[in-house]
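> Take a look at the letters that make up each chain.
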Amino acid sequence: MGSLEGLVIQIQGLSSSAGDISRLHVTLKQAEESLRSESTRLYPILNQLDPSNHSLGYLYILDACTSASISKEQAATLVPYIARFISLCVPEQIRLAPEKFMSVCKRFKDQVVLLGTPIRGVAPLMAAVRKLQNSSEHLTTLHPEFLLLCLLAKFYKIGLSILEEDIFVVDQPRDLFLYCYYGGMICIGQKRFRKALELLHNVVTAPMSTINAIAVEAYKKYILVSLIHHGQFSTSLPKYTSSVAQRNLKNFCQPYIELANSYSTGKIAELEVYVQTNGEKFESDNNLGLVNQVVSSMYKRNIQRLTQTYLTLSLQDIANTVQLNSPKEAEMHVLQMIQDGEIFATINQKDGMVRFLEDPEQYKSCEMIERIDSSIQRIMALSRKLTTMEEQTSCDPLYLGKAGRERQRFDFDDFDTVPQKFNI
Amino acid sequence: MEFSSLTEALASKSYEKIPDICDNLLLQAAAEGVAYEDDWPYAIHLLGHIYVDDINSARFLWKSIPSAIKETQLELVAVWKIGQKLWTRDYGGVHEAIRGFDWSQEVQCLVAGFSELYTKRMFQLLLSAYSTISIQDAALFLGMNEDDATNYVLQQGWVVDPASRMLTVKKQAIVTEQKLDASKLQRLTEYVFHLEH
Numbered sequence: 001m002g003s004l005e006g007l008v009i010q011i012q013g014l015s016s017s018a019g020d021i022s023r024l025h026v027t028l029k030q031a032e033e034s035l036r037s038e039s040t041r042l043y044p045i046l047n048q049l050d051p052s053n054h055s056l057g058y059l060y061i062l063d064a065c066t067s068a069s070i071s072k073e074q075a076a077t078l079v080p081y082i083a084r085f086i087s088l089c090v091p092e093q094i095r096l097a098p099e100k101f102m103s104v105c106k107r108f109k110d111q112v113v114l115l116g117t118p119i120r121g122v123a124p125l126m127a128a129v130r131k132l133q134n135s136s137e138h139l140t141t142l143h144p145e146f147l148l149l150c151l152l153a154k155f156y157k158i159g160l161s162i163l164e165e166d167i168f169v170v171d172q173p174r175d176l177f178l179y180c181y182y183g184g185m186i187c188i189g190q191k192r193f194r195k196a197l198e199l200l201h202n203v204v205t206a207p208m209s210t211i212n213a214i215a216v217e218a219y220k221k222y223i224l225v226s227l228i229h230h231g232q233f234s235t236s237l238p239k240y241t242s243s244v245a246q247r248n249l250k251n252f253c254q255p256y257i258e259l260a261n262s263y264s265t266g267k268i269a270e271l272e273v274y275v276q277t278n279g280e281k282f283e284s285d286n287n288l289g290l291v292n293q294v295v296s297s298m299y300k301r302n303i304q305r306l307t308q309t310y311l312t313l314s315l316q317d318i319a320n321t322v323q324l325n326s327p328k329e330a331e332m333h334v335l336q337m338i339q340d341g342e343i344f345a346t347i348n349q350k351d352g353m354v355r356f357l358e359d360p361e362q363y364k365s366c367e368m369i370e371r372i373d374s375s376i377q378r379i380m381a382l383s384r385k386l387t388t389m390e391e392q393t394s395c396d397p398l399y400l401g402k403a404g405r406e407r408q409r410f411d412f413d414d415f416d417t418v419p420q421k422f423n424i
Numbered sequence: 001m002e003f004s005s006l007t008e009a010l011a012s013k014s015y016e017k018i019p020d021i022c023d024n025l026l027l028q029a030a031a032e033g034v035a036y037e038d039d040w041p042y043a044i045h046l047l048g049h050i051y052v053d054d055i056n057s058a059r060f061l062w063k064s065i066p067s068a069i070k071e072t073q074l075e076l077v078a079v080w081k082i083g084q085k086l087w088t089r090d091y092g093g094v095h096e097a098i099r100g101f102d103w104s105q106e107v108q109c110l111v112a113g114f115s116e117l118y119t120k121r122m123f124q125l126l127l128s129a130y131s132t133i134s135i136q137d138a139a140l141f142l143g144m145n146e147d148d149a150t151n152y153v154l155q156q157g158w159v160v161d162p163a164s165r166m167l168t169v170k171k172q173a174i175v176t177e178q179k180l181d182a183s184k185l186q187r188l189t190e191y192v193f194h195l196e197h
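Residue numbers (our numbering), protein chains in the order written: chain Y, 1 to 424; chain V, 1 to 197.
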C-alpha cells in the first residue's frame with residue numbers, strides 16, 4: 001500500500017532531531033487508524049526500521065501489530081522483535097508516547113506467558129522499567145508486570161533488586177497494590193520476611209474507597225508472615241488504614257485469624273489439627289506452603305519463650321516442654337536457631353545443658369555507628385521530601401478549595417473593636 | 001553465548017561472583033530466544049548459589065531445569081544433593097555429598113573451594129554454639145575423621161579431654177580497630193542543623 005511505504009520513508013527521514021520527531025509524532029497519530037487496519041501486513045516493515053534510531057515510529061508500528069488478538073504462532077514471531085526493540089530503543093523517543101510503550105510491553109508480557117516461557121520476558125521488562133521511569137523513585141505500570149514475570153519464571157533474586165529502591169511517585173494506585181503484593185510474594189520466596197511484611201502492610205493500609213481482592217489476599221499473607229516473623233499477630237490496624245479496610249478485611253480472612261488464635265496458645269498439636277481440618281481452604285488460596293512454615297515456626301517460638309524464664313535448661317527438659325521427640329532433636333533445633341541468629345545460647349554436651357545468653361551487641365562498634373548513621377540520613381531525606389510535599393499541597397487550589405469551605409466564615413479579626421453602645 | 005566473564009571468574013577463583021554472572025547470562029540468552037537449556041552449565045550455576053549460601057535461589061533454579069537434563073546429567077544431580085543437605089541442615093551430610101562423587105575437572109575447583117568455605121563456616125558455628133562438644137560430633141560437623149578434627153581444633157586453642165572424648169571450646173579474642181574520623185563530626189553537625197530547622 002502506497003501510504004505505508006510513504007509512512008516508512010517519513011519515519012526514516014524524520015527521526016534525527018527533536019523538531020523532526022515532534023512532526024513525525026503528529027503524522028504517526030494521524031496514521032494510527034489505518035495502521036491498525038493493516039496489522040497483518042506490518043511485520044515486514046519492522047525489518048526496514050531501526051529500533052534505536054526510529055524508536056518512535058517502531059513503537060507505533062508495534063502497537064498496531066499487537067492491537068488485535070494474536071495467535072500463538074504470531075506471538076512466537078513477534079516476541080523476539082519486541083524484546084530486541086525494548087533493549088535497543090531510545091528513552092527520549094519512547095517517553096513521547098508512554099501509554100503506547102506500556103501497552104506494547106504489557107502485551108509482550110501476555111505473549112511470553114501464552115508461549116509458556118515467562119523467563120524470556122524478565123530481562124526485557126527490567127530494561128523497559130528503567131527506560132520508562134523518570135527516576136528510580138518513580139513507580140510505573142510496568143513494575144508489577146516485571147515482578148509477575150519474575151514470580152512465574154521463578155527468578156526471584158533479580159526482582160529483589162528493584163524492590164530495594166524507595167518509591168515516592170506513583171502513576172496509578174492499582175500499580176502500587178499489585179507491586180507491593182507481588183513484591184511481598186517475592187520476599188517470602190527469598191525468606192526476607194521483614195521486607196515482605198513492610199510491602200504487604202502497604203497494600204493493606206493503602207487508601208481505598210472499596211475493598212479490593214488484592215488487599216484481601218495480601219491480608220491473608222500478612223497474617224501468616226506476621227506469625228512466622230514475629231510469632232504474634234494483632235488484628236488492630238494502624239489509624240491511617242482506610243475505614244473500609246478496618247471494617248471488612250477481617251471478614252474475608254476468618255480461617256487465618258483463627259489460625260493466629262490457635263498459634264497464640266503455643267500448643268503445637270492443636271495447631272496441627274486446625275491446619276489439617278482447614279487444609280483445603282489454605283490450599284485453594286495457594287497458601288498451604290506458608291501455613292506449614294507457620295507450624296514449624298512454633299517450635300522456635302516456644303524455645304524462645306523459655307529464654308524469658310530460664311538461664312540454663314537441660315536438653316531433655318527443652319524436648320519435653322516444646323514437645324520434641326528427643327534431647328538430640330532439641331539440640332539440633334537450638335543449633336539451627338543459633339545459626340540463624342534467632343537465639344543466643346551455648347550448648348554444653350558434657351552436661352546435656354543449654355545456657356541462654358544475652359545479646360552480645362554492645363552498640364558501641366564502628367559498624368553499628370555506620371548503620372545508625374545511614375538510617376538517620378534516610379530519615380532526614382524523607383523529612384525534607386515531606387516538607388516539600390506539604391508546601392506544594394498548601395498551594396494547591398483543589399486543597400485550598402476544600403479546606404476553605406470548612407473554615408469559619410469570619411475570623412476574629414473581622415469584628416470591629418468599636419463598642420456597640422455609646423453612653424452619652 | 002558469551003561465557004568469557006564466567007570463565008574469568010572461575011579462573012580467578014572469584015566464586016562469589018558466579019551466581020550473578022550466571023543469572024544475568026541466562027536471562028540474556030532467554031530474552032534473545034536462544035535455546036540455551038541443553039548447553040547451559042547448570043552444575044556451575046547451581047554451585048554458585050550454594051557457594052554464597054543462597055539455597056532459596058538454588059532451589060528455584062533446580063525447579064526450572066527440564067527433567068530430561070536432570071535425568072541425564074549425573075553431576076548436576078550430585079550437586080543438587082549438596083544443596084538438599086544444606087536445605088535440610090544435615091550438616092554432616094553436606095560433607096558426604098561433597099565426597100560422594102567423582103567431580104569433573106571444570107567443577108572440581110569450585111567444589112573444593114566450597115568445601116573449604118563450608119568447613120570454616122561449620123567451625124565458626126561450633127565456636128559460637130557450643131561450650132563443650134564430643135569429638136565424634138565435632139568430626140561430623142567438620143567433615144574430618146576424629147583424629148584430624150581433634151588436631152584442627154587443638155590448633156585453634158581448644159582443650160581435649162581424651163578420657164571422656166570431649167572438647168572444650170575456646171574462643172580467640174578478636175580485636176577490631178575502632179577508628180573514628182573527622183567525617184563523623186561533620187555528620188553530627190548536619191544532624192543538629194536538621195533538628196533545629
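If you are wondering where the hints come from, they were derived from the structure by calculation, not from laboratory data. Where a beta carbon is used, it is the ideal one built from N, C-alpha and C, also for glycine. Do not take every clue at face value.
Stated by the list, open to error - DSSO-like mimics (lysine-lysine), calculated; alpha carbons at most 27 Å apart, straight line:
hint, chain 1, residue 1, chain 2, residue 2
1, V, 85, V, 13
2, Y, 154, V, 120
3, V, 17, V, 171
4, V, 85, Y, 157
5, Y, 154, V, 171
6, V, 13, Y, 157
7, V, 70, Y, 328
8, V, 171, Y, 364
9, V, 184, Y, 157
10, Y, 157, V, 120
11, Y, 191, Y, 267
12, Y, 72, V, 184
13, Y, 72, Y, 154
14, V, 13, V, 81
15, Y, 350, V, 171
16, Y, 195, Y, 154
17, Y, 239, Y, 385
18, Y, 250, Y, 195
19, V, 171, Y, 191
20, Y, 191, V, 81
21, Y, 350, Y, 385
22, Y, 239, Y, 154
23, V, 120, Y, 300
24, Y, 385, Y, 131
25, Y, 195, Y, 29
26, Y, 191, V, 70
27, Y, 191, Y, 100
Claimed, not checked - Covered stretches of chain V, as calculated for chain Y (at least 3 residues, CB under 8 Å):
hint, region
28, 27-41
29, 68-79
30, 125-134
Said to hold, decoys possible - Part of the chain V face toward chain Y, derived, beta carbon under 10 Å:
hint, residue
31, 15
32, 54
33, 56
34, 91
35, 167
36, 176
> Hey, residue 13/V versus residue 157/Y, does the alpha-carbon distance stay inside 27 Å?
OK: residue 13/V and residue 157/Y at ~23 Å, within 27 Å.
> What's the verdict on residue 120/V and residue 300/Y, does the C-alpha distance respect the 27 Å limit or exceed it?
With Cα atoms ~26 Å apart, residue 120/V and residue 300/Y stay inside 27 Å; holds.
> CA of residue 17/V to CA of residue 171/V, is that 27 Å or under?
The given pair, whose Cα atoms are some 31 Å apart, is violated under the 27 Å limit.
> Does the closest beta carbon of chain Y sit nearer than 10 Å to the beta carbon of residue 91/V?
8 Å, holds
> Do the alpha carbons of residue 350/Y and residue 171/V lie within 27 Å of each other, as the hint requires?
18 Å, holds
> Given the hinted pair residue 191/Y and residue 267/Y, is their Cα-Cα distance within 27 Å?
25 Å, holds
> Hint check: is the beta carbon of residue 15/V less than 10 Å from a beta carbon of chain Y?
Hint on residue 15/V: violated, closest Cβ of chain Y at ~17 Å, above 10 Å.
> Please work out if residue 191/Y and residue 70/V have their alpha carbons no farther apart than 27 Å.
Distance of about 26 Å is within 27 Å: holds.
> Is the Cα-Cα distance between residue 184/V and residue 157/Y 27 Å or less?
34 Å, violated
> Is residue 239/Y close enough to residue 154/Y, meaning Cα to Cα at most 27 Å?
Outside the cut-off at roughly 36 Å; violated.
> Take a quick look at whether residue 157/Y and residue 120/V sit within 27 Å of each other, Cα to Cα.
It holds: about 26 Å lies between the C-alpha atoms, which stays within 27 Å.
> Residue 191/Y and residue 100/Y were given as a pair; does the straight-line alpha-carbon distance stay at or below 27 Å?
36 Å, violated
The structure does not agree with the numbered hints 2, 3, 5, 7, 9, 12, 19, 21, 22, 25, 27, 29 and 31 stated previously, though it agrees with the rest.
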